[in-house]
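A.B. asks: Heads up: the protein sequence lines correspond to chains A and B, in order.
If you count by my numbering, then the first sequence holds residues 1 to 345, one letter each, in order.
If you count by my numbering, then the second sequence holds residues 1 to 345, one letter each, in order.
Treat the hints as calculated values from the structure; they're not laboratory data.
Among these hints, one or two may not hold up.
A pair holds if it fits inside one copy or across any two, identical chains being indistinguishable in the list.
[Unchecked claim] Think about it this way: if two alpha-carbon atoms lie no more than 27 Å apart in a straight line, the pair counts; the simulated BS3-like pairs of lysine-lysine are:
| hint | residue 1 | residue 2 |
| --- | --- | --- |
| 1 | K82 | K164 |
| 2 | K98 | K226 |
| 3 | K297 | K98 |
| 4 | K62 | K98 |
| 5 | K82 | K297 |
| 6 | K297 | K164 |
| 7 | K336 | K62 |
| 8 | K55 | K82 |
| 9 | K30 | K276 |
| 10 | K297 | K215 |
| 11 | K215 | K276 |
| 12 | K82 | K62 |
| 13 | K336 | K30 |
| 14 | K226 | K302 |
| 15 | K30 | K164 |
| 16 | K302 | K336 |
| 17 | K302 | K276 |
In case you want the letters, here they are:
Protein chains: 2
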Amino acid sequence: MTEYLAAVDIGGTNIRASVASIDGIHSKVKQDVMRVGDENTVPRQVDNLIAEACKDAGIDKKRISGVGISTCGPFDDNPRGKYELVVAPNICEGIARKEGRNNDWTGFPLRDYLSQSYERVEAGNDCTTAVNAEHMFGAGRGYDVVAYMTISTGIGGGVKSHGKLVLGRRNAGHFGHHKVVPNGRICGCGIRGHLEAHAAGPAIAAIYEEIMNRKIEVVDPKDKPKYVFDQFRRGDFVARRVISEAAGYIAQTLANVSADHDVQAFIFGGSMWNDKDVLQPLIEERFAECVHPTLGKDVAFKTAELEDRLGDIAALTMVLPADWVGAWQKTQPWQKPLETRVIKD
Amino acid sequence: MTEYLAAVDIGGTNIRASVASIDGIHSKVKQDVMRVGDENTVPRQVDNLIAEACKDAGIDKKRISGVGISTCGPFDDNPRGKYELVVAPNICEGIARKEGRNNDWTGFPLRDYLSQSYERVEAGNDCTTAVNAEHMFGAGRGYDVVAYMTISTGIGGGVKSHGKLVLGRRNAGHFGHHKVVPNGRICGCGIRGHLEAHAAGPAIAAIYEEIMNRKIEVVDPKDKPKYVFDQFRRGDFVARRVISEAAGYIAQTLANVSADHDVQAFIFGGSMWNDKDVLQPLIEERFAECVHPTLGKDVAFKTAELEDRLGDIAALTMVLPADWVGAWQKTQPWQKPLETRVIKD
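Between the sequences and the hints, there should be enough to build the whole structure, so can you do that?
C.D. replies: Here you go:
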């Protein structure tokens, strides 16, 4: 019987860890990602954070039988290990960053490292774990074939079909890397015309600025996409064109995901979905112009329900026993506020 | 223990049935599809064909414990039955045909009908059963994530991932209905810009004819795509443009399928793959321009091995016990020639 589990959520800037039992989440800690050292620096940091979370929960680390991990992806083979490497460009500066590097990692062996200390370790990228969580506890409950799409600074996705996560070799569900425009804009991955390069937040802001031939003036550059949505609502013709085009590419991708997976419910999250009053009707309308009529029949468009609370819950779904799922559907432990202790370097 | 199984392969013009044991295929019959009568006409015909195949095999129909079916799709809910309806536009003239109809069916309850007589009945569309067969006995052996694409008068597909067929609600794998061109050519399903409308055989011939402003003159109109490929080899600039563009759309779709499924091996079949000397290098080159580098890494492009023999073998894979699979991998019963008895109306 599983007594305690740990959740680990690795983002581009910080790492969160928590400890849970069937009764709920007992402790939460977070710390900035460590970027200096050898390839085991991040795995070691994760292990320490689990220990810190155990301390806060008042339990011995040895009582943790499983660790569920949610990471910014992707994954690749680990030629020197049993499990996969996490090859996150935001953390592994050897992948893309050329100057002022903190490290030259091209990947880190998270699962191999943690498997030395814990019975069961399972990792998924944050969209894979999200679709799992939404299917168990959120907007995806009751559907057989669910796809999750996050629209934010990037566009990602995950699919759960008939109770199983779709993983492919390891990196299935990268909806942001559907090619939608021949010879289009260059994506972060280096390929032209991917969805992410045409419809994610930064793309919408950049395309708007290019057409207007002026920079969007907002205090925080992160608010630029929101500015374009506000302009849309004010009737700005360029904003309408830019967002409508982006919605078209999103819809095209959803239609193709439907062709591949015959999806029953799409669930949307991410910062741009805060503007769903604008985005959702456009996407649904264009979806009908793109999708095979049989595949588009009775498809639900839903908003993610767990979102802010996804981190630890989503990570935990990777190792959650069935009896915990049943219990948590009733008790909804993610609803209970619990402070996160910030650990300084 | 399974003693005898029946295979049923339903095409647009005829239906084939065969009887098999672990020792191989014992009999094969075929008959033109019956188009007049009630919605049980085709299911009843299938049952009769199984009886005819049993007669040829010299066994009692009652000894058939399972029926595997391969059909031209798609499928839809059966509001009056337990299983799905086959909603094949080529057979169910109520779906699309307006004049000179033989029937007004919009679907037929194949599995519900046959389940009255047989213990186990499983149906898949012909690309789903094809990927299953290629994975068990053909070019897909040894791969964890396999996608099959047929390029012919239409474009279809199927995916098998970690031992399981990807079915979605029922109709997953319709690669021909990926949207690849905004406001493109009208597809058979009514939507603009689907892959099938831009890259299947008839599309290639039609686009060539439009650009040349003359009809391709061949004895059999089915040979028109082949003519365009021959012109490609002769250095015809228009043929090069038309085929290269089609290959680009196919590659774009494969890249998107990779994003969705993280495919390890693509297997190609269908009449247009006879011209793979032209098509394959173009597709592979364009694929590299479309796919996320991690998802495109070490992807195999293979030619279907079973093709002509797919019909009954593919249908059987839907109900094949594991011990038969092991035995057949050694004995390869599909290699043994066996005459098909044609049954007249």
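A.B. asks: Decide, hint by hint, whether the structure agrees.
C.D. replies: Cross-check of the supplied hints:
Taking CA atoms no more than 27 Å apart as the test, K82 paired with K164 passes in both settings, with 22 Å inside one copy and 23 Å between copies. In this homomeric assembly, K98 and K226 never come within 27 Å of each other (Cα to Cα): the closest approach is 31 Å inside a single copy and 50 Å across copies. With identical chains, the CA atoms of K297 and K98 are at most 27 Å apart between copies only, with a shortest distance of 23 Å across copies and 48 Å within one. In this homomeric assembly, K62 and K98 never come within 27 Å of each other (Cα to Cα): the closest approach is 41 Å inside a single copy and 71 Å across copies.
Within a single copy, K82 and K297 get their C-alpha atoms only as close as 43 Å, which misses the 27 Å cut-off; across copies the closest is 19 Å, which meets it. In the homo-oligomer, the alpha carbons of K297 and K164 lie at most 27 Å apart both inside one protomer (23 Å) and across protomers (24 Å), since each shortest distance falls under that limit. For the identical chains of this complex, K336 and K62 are intra-copy neighbours only, at 26 Å inside a copy versus 60 Å across copies, given an alpha-carbon limit of 27 Å. In this assembly of identical chains, the alpha carbons of K55 and K82 never lie at most 27 Å apart, being 30 Å within a copy and 54 Å across copies at closest.
In this assembly of identical chains, K30 and K276 lie within 27 Å of each other by CA distance neither inside one copy nor across copies; the values are 30 Å within and 54 Å between. For the identical chains of this complex, K297 and K215 are neighbours neither inside a copy (42 Å) nor across copies (38 Å), given an alpha-carbon limit of 27 Å. For the identical chains of this complex, K215 and K276 are intra-copy neighbours only, at 24 Å inside a copy versus 49 Å across copies, given an alpha-carbon limit of 27 Å. For a Cα distance limit of 27 Å, the shortest separation of K82 from K62 inside one copy, 22 Å, qualifies, whereas the shortest one across copies, 50 Å, does not.
Within a single copy, K336 and K30 get their C-alpha atoms as close as 18 Å, which meets the 27 Å cut-off; across copies the closest is 65 Å, which misses it. With identical chains, the CA atoms of K226 and K302 are at most 27 Å apart within one copy only, with a shortest distance of 21 Å there and 46 Å across copies. Taking the shortest Cα distances, K30 and K164 never come within 27 Å of each other, neither inside one copy (30 Å) nor across copies (39 Å). For a Cα distance limit of 27 Å, the shortest separation of K302 from K336 inside one copy, 24 Å, qualifies, whereas the shortest one across copies, 53 Å, does not.
In the homo-oligomer, the alpha carbons of K302 and K276 lie at most 27 Å apart inside one protomer (10 Å), although the nearest pairing across protomers, at 43 Å, exceeds that limit.
When the structure is compared with the earlier hints, violations turn up for hints 2, 4, 8, 9, 10, 15 and for no others.
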